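Student: Residue numbers (our numbering), protein chains in the order written: chain A, 1 to 332; chain B, 333 to 606.
One should not assume that every hint holds.
Partner residues aside, some chain A positions facing chain B, computed with beta carbon under 8 Å [as the list claims (entries may be wrong)]:
1) A85
2) H89
3) P237
Since the hints were made in silico from the structure, they are not lab data. Computed from a predicted model, the values in this text were never measured in an experiment. The beta-carbon is built from N, C-alpha and C at its ideal position, and this holds for glycine as well.
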Amino acid sequence: MGSITLKNVRKAFGDVEVIPGVDLNINEGEFVVFVGPSGCGKSTLLRLIAGLEDVTSGTIEIDGSDVTDAGPAKRGLAMVFQSYALYPHMSVKKNIAFPLKMAKMPEAEQEKRVAHAAKILNLDSYLERKPGQLSGGQRQRVAIGRAIVREPAAFLFDEPLSNLDAALRVNMRVEISELHNNLKTTMIYVTHDQVEAMTMADKIVVLRAGHVEQVGSPMELYAKPANKFVAGFIGSPNMNFIEGEGAAKHGAHTIGVRPEHWSLSTSEGEFPGTVGVAEHLGSDTFLHIDLDNGTHVIARAEGEFAVHHGDRIFLTPQEGRIYKFGKDGLAA
Amino acid sequence: MARAVSRNTRIGWTIAAWFVALLIFFPILYAIITSFKTEQEAIAGFDLIPSFTLESYREVQSQFNYFRPFMNSVVIALGSTVLALIVAVPAAWAMAFSPTKRTKDILMWMLSTKMMPAVAVLVPIYLIFLKTGLMDTRIGLVLVLMLMNLPIVVWMLYTYFREIPGEILEAARMDGATLGQEIVHVLTPMAVPGIASTLLLNVILAWNESFWTIQLTTTNAAPLSAFIASFSSPQGLFWAKLSAASVMAIAPILIMGWFSQKQLVRGLTFGAVK
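So that you can see chain A by itself, here it is in the shape it has in the complex (with noise of 0.2 Å):
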């Protein structure tokens, strides 16, 4: 149970069409991350998905049955929501089970299921509290207590993390890939945040303007991005992109290096430039570069590297780690 299938699915609201149509397969008991900035309509695809928004044309399957007018309570899928969406009124016991109460279930049997989405989820003390005397950590945990008890066909996640802070967000993290390792469900979750969309997809669909940009795994995008968006998105701190001369020695319109493939040297090298700001993190050291070029470049130096600003830097890109981009921005 869990596989979903888009067919050319178009959204458009008025005039303005958000989701130029769409076409992608997700497997049972995938873990599948839409990442992408903000307003390239990972979102609504993922409400067309839960059946929050109609589609303008094209067709939804969930397990192979066309889902396209379906309703949200038809579709057999659980969704969380950035704002955590708690019903306010409700003690924590009564939110997670609402979809069992709407599904008439036997109260004893509501009883053990929301007994058992508690203890996975360490609620157990909180059930009679209500959501405004719990953190947004809990509150969360409520929300996906509230998507586990129905035990959907497929979760899907809309941002969950980011109203968290820093440290609660990568625990929260780990939590739900664990989630996911138990439940073997069918997962879709939407963020901005490439290192979410890094560390918990089996697949990972990037998005730009409606349009999909390319669909692999975090390995896969990151070894081989399709084209210079998808190279630019992922990986932290971003891919650096050298135009003009310097690309063309290698034969390319434009050339990509990641931070962490350049070889730093004081002495000689490619590309000559100057140290800008230096960030000594102790484990790597960030270099803000302003080559002679004219080209500004950020280059990552594992552990302790001492140079300063103002001082004379030498790059050289590690052999095979050169991406070449066409003029149309395609890799070549």
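Place chain B on chain A using the hints.
Tutor: This is chain B only, laid out in the frame that chain A set:
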């Protein structure tokens, strides 16, 4: 408090606030004081110490039956409010949760009807009341006051419903709730405070309304506002009795307002600060 306020400034402001509050309340206070005076004391001039006689109250009650206008006020205020809510709740739901391009215009149009002086429609409504036999009936006043306050009720509910996040309703839909279940289990419980403060304010507005109640009633359906008015003219200037009647008319609503002030302030300032 972030700003350092000196002790003297604070005392100064406190005194000023009390002064303004007393100034606003003074007419009501003086009416209460006067109601405990004899008629001779009442016309004698300004005096804050009454002789604490209940004579005026006894006379008002013996000459006029207080109970009838009181019951009329209760029926008219509650009736028009409940009726207004029945009409306004679905209207506000629709405008808050599935707005169209023209929702704002409709709201403005509704509000604009309140900008017109009531006297402008007095003649047509008077004639309609005469023809339909609604003159001096409770049902007629219930209808008129419901219509008069409807724009405010719709606006208040609309502002309140707008504060309910759409995602919560979507969550309910994802959780398998039908539209009916969504309204019963999620929307209404969340909107209860808003509906309550709208109800309270509207009861007060309807209770205090005096233009239509005086114009469209004589004796049968006359509520307390008309009851007070009847003391001013035919009897001449009997200040103590007039004050006693006024106190009796405003007491119920003052007591209700006092007990529900928290709810009212929330209703009136809702949306002002988020």
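Student: None of the hints should be skipped; say for each whether it holds.
Tutor: Taking the hints in turn, this is what the structure says about them:
1. With 8 Å as the threshold, the beta carbon of A85 (chain A) comes within range of chain B, its nearest partner Cβ sitting at about 4 Å, so the hint holds.
2. A distance limit of 8 Å between C-beta atoms decides the matter here; for H89 (chain A) the minimum to chain B is near 5 Å, and the interface restraint holds.
3. About 33 Å separates the beta-carbon of P237 (chain A) from the nearest beta-carbon of chain B, more than 8 Å, and the hint is not met.
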